[in-house]
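Visitor: Sequence:
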Amino acid sequence: MIGTTDFYRKALLKHFRVLIEFPRTGKRRRPRKPKIFPFDDLNSAQIIKTRINWILKKVEKKNISLEKTLNKAESQLLYLKDKI
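Under this note's numbering, the sequence shown has 80 at position 80, and the numbering climbs by one with no breaks.
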């Protein structure tokens, strides 16, 4: 079975996101890229169908957590709220 949760994370973040842009510093350099964070109440699931010779044998339900993304997002959001 292929680990497709990374693809789902990217696809979910593409559509259900909060884009935070950083204020300009006034220095002569490239401005910071905006950060992309998922919505706080975003929950998702994946249905995996296992087929053998085109016959459906098993259906699995799998919760997709965005914990890796959320942990970074929460810490950076708290940092950004203090700055602004």
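Worth double-checking, as some hints may not be accurate.
[What the hints assert, rightly or not] Subject to a maximum C-alpha distance of 30 angstroms in a straight line, what follows is the list of computed BS3-like cross-link-like pairs (lysine-lysine):
(1) Lys-27 with Lys-49
(2) Lys-49 with Lys-35
(3) Lys-10 with Lys-49
(4) Lys-49 with Lys-33
(5) Lys-27 with Lys-57
(6) Lys-14 with Lys-62
(7) Lys-61 with Lys-10
(8) Lys-57 with Lys-33
(9) Lys-10 with Lys-62
(10) Lys-57 with Lys-35
(11) Lys-35 with Lys-10
(12) Lys-10 with Lys-57
Worth flagging that the hints you see were computed from the coordinates, not collected in a lab. Everything numeric in this text was worked out from a predicted model, so none of it was measured.
Visitor: Now, for every hint given, state plainly whether the structure supports it.
Guide: Against the structure, the hints:
Distance hint between Lys-27 and Lys-49 is unfulfilled; the C-alpha atoms sit about 53 angstroms from each other, more than 30 angstroms. Taking the CA atoms of Lys-49 and Lys-35, the gap is near 34 angstroms; set against the 30 angstroms cutoff, the hint is violated. For the suggested pair Lys-10 and Lys-49, the alpha carbons sit about 21 angstroms apart, so the restraint of at most 30 angstroms is met. Using a Cα cut-off of 30 angstroms, the hinted pair Lys-49 and Lys-33 is violated, with the two alpha carbons roughly 38 angstroms apart.
Restraint check for Lys-27 and Lys-57: the C-alpha separation of about 61 angstroms exceeds 30 angstroms, so the hint is violated. Between the alpha carbons of Lys-14 and Lys-62 the distance comes to roughly 20 angstroms, so the proposed pair stays at or under 30 angstroms and holds. Distance restraint check for Lys-61 and Lys-10: the Cα-Cα separation of roughly 19 angstroms lies within the 30 angstroms cut-off, and the hinted pair is therefore satisfied. Under the criterion of a C-alpha separation no larger than 30 angstroms, the hint pairing Lys-57 with Lys-33 is inconsistent with the structure, at around 46 angstroms.
Between Lys-10 and Lys-62, the direct Cα distance comes to roughly 17 angstroms. Compliance with the 30 angstroms bound is thereby established for this hinted pair. As the CA atoms of Lys-57 and Lys-35 are separated by approximately 42 angstroms, the hinted pair breaks the 30 angstroms bound. With a C-alpha separation of about 14 angstroms, the suggested pairing of Lys-35 with Lys-10 holds against the 30 angstroms cut-off. Only pairs whose Cα atoms come within 30 angstroms are accepted, and Lys-10 paired with Lys-57 is accepted, the gap being roughly 29 angstroms.
The structure does not agree with the numbered hints 1, 2, 4, 5, 8 and 10 stated previously, though it agrees with the rest.
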